[in-house]
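*Asks:* Heads up: the protein sequence lines correspond to chains A and B, in order.
So for the first sequence, our numbering puts the first residue at 1; every next one is plus one.
So for the second sequence, our numbering puts the first residue at 1001; every next one is plus one.
Please note that the accuracy of each hint is not assured.
Here are the simulated lysine to aspartate or glutamate pairs, DMTMM-like style, with alpha carbons at most 25 Å apart [as the list claims (entries may be wrong)]:
(1) 1008(B) - 138(A)
(2) 1008(B) - 146(A)
(3) 1018(B) - 43(A)
Because the hints were derived from the structure by calculation, they are not lab data.
Model, not experiment: these values are computed from the prediction.
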Amino acid sequence: MKWRWLALAAGVVIAVNLVTGILGYLYGSPTGPTSSSYATTPEGAGALAELLGRGGHVVSQLRAPLADADLDLGATLVVLDPNSIDRRGEEALKRFVENGGWLVGGGNDPEWLSGVVDGLPTWTPDGEERVSEGQAPEIGEVRSVETAGSGSWLGTGSGSAVIGDPERPLAIKAVQGSGTALLVADVSPLQNRLLDRADNAAFALTLVDPQRTDVVFAEAEHGYRTGSGLTALPSGWKWFLFGLFVATIAWMLAKGRRLGPPEEATRPLPPPRIVYVHALAATLARTERRRRPR
Amino acid sequence: MNPDEARKAASEILSQRKYRATTTPRPFRGILDKLGEWLHPITEAAQRAFAWLAARLPGGRASVWSILGGLVIVAAAGFALWLARRRARVTVTSATRLRGEAGLDPAALERAAETAEAAGDLEDALRLRFRAGLLRLDRAKVIAFRESVTSHEVAVRLRSPAFEHLARDFDEVVYGRREPRPEDIAAARSEWVQVLEEAGAS
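Could you put together the complete structure from these sequences and hints?
*Replies:* Right under this line is the structure:
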């Protein structure tokens, strides 16, 4: 009995912690992919999207893959830390810039940008944590940008430095065709974790063309898709629903009648009082025996 | 928007609840942390074993996880089987107890008969020995014992003069209310041995 109480207490402790842990995970923690405008995590860019909205821009999200999307040349397109961009996506971005679009791109190991901008400088994972020199006129009053020190360009390539030492700039500006690409080697100043540090917020606002009201964040490359019904559900939810379905089937099989007809042919009766029947039979049998002459 | 205004706006945005992790209450956190510390050497050893195995198996960690998953399924199936058998046994045992078959032990009945005989209760001794004999026949699958089985049924089945003598004495004493005699008991003791031998139940 003592062990039963101890087990019960342990079970209650585990259950309470499990429930609070799940609640904390579901409702207490910011979520979202790195550098996504939907993400509220420290590495997300949700605050950047809101800041641009407060700065007078109309912010929207593009949930179709870049290769398939009809990119609006009158808008600023923001592509940060994409999971992957295929060749067709890179070509679509290149056409977008050459035809007059304004692209803000960057992130860790931005190999994909080499297919978008000609003469892209080499990217390195080393960077300064405080960038406060070599400001170009485009960034106005921005004097100092705080970063995570996780990236910089080795030179400016075909572009020009926007901020930072021209040998190791944080951001460069490349004019290609009739469009512009602002390429940020370390996007941490634009992320939630550092946006309100130093002049990062102002730096973020200056990256966007002030003449273009619309700002579009590419979100298909962060895993978001256009869809309706079941296709709109994240794969985790789909697996959860599938598991629920399997569990329901298992429960139905366990509870349901396994063999025999679906319905009894007759009403089930209470069990016969077999002892009474046997006793009566025995009495009758003895009575018969005694009548017989021996 | 100048840098100060932009920074202030960014701070306002980031001060919203959605950008901050909310800590949920964690009752007994201290106890659990302590427990975690105690278990640390075990978990560390398990991790080392896992890594050692992953380094030697084709497929690495995925293979080890697959094997562990398989072991969990086998263990769960084994436990479920054990539990089902245990419950079935408990059910059978309790059902047997409810039917009162725990007392249907011929040897115990014979001992009880000896005790009754020693105490001078000859009718009880006769009844108990008769019941013990029937149960031994049942165990040898010569008859199917039930509470209401009659002497006539058994006599027809056995066709044994010795049993007919035993049954007659039994019926006379138990149903005819004849006073039992020590010879009845002595006959019961010897003739039951004969009946069981004839029936191949000894």
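*Asks:* Determine for every hint whether it applies to the structure shown.
*Replies:* Here is how each hint holds up against the structure:
Restraint check for residue 1008(B) and residue 138(A): satisfied, since their Cα atoms lie roughly 21 Å apart, inside the 25 Å limit. The suggested pairing of residue 1008(B) with residue 146(A) holds, with an alpha-carbon distance near 16 Å, which does not exceed 25 Å. Taking the CA atoms of residue 1018(B) and residue 43(A), the gap is near 14 Å; set against the 25 Å cutoff, the hint holds.
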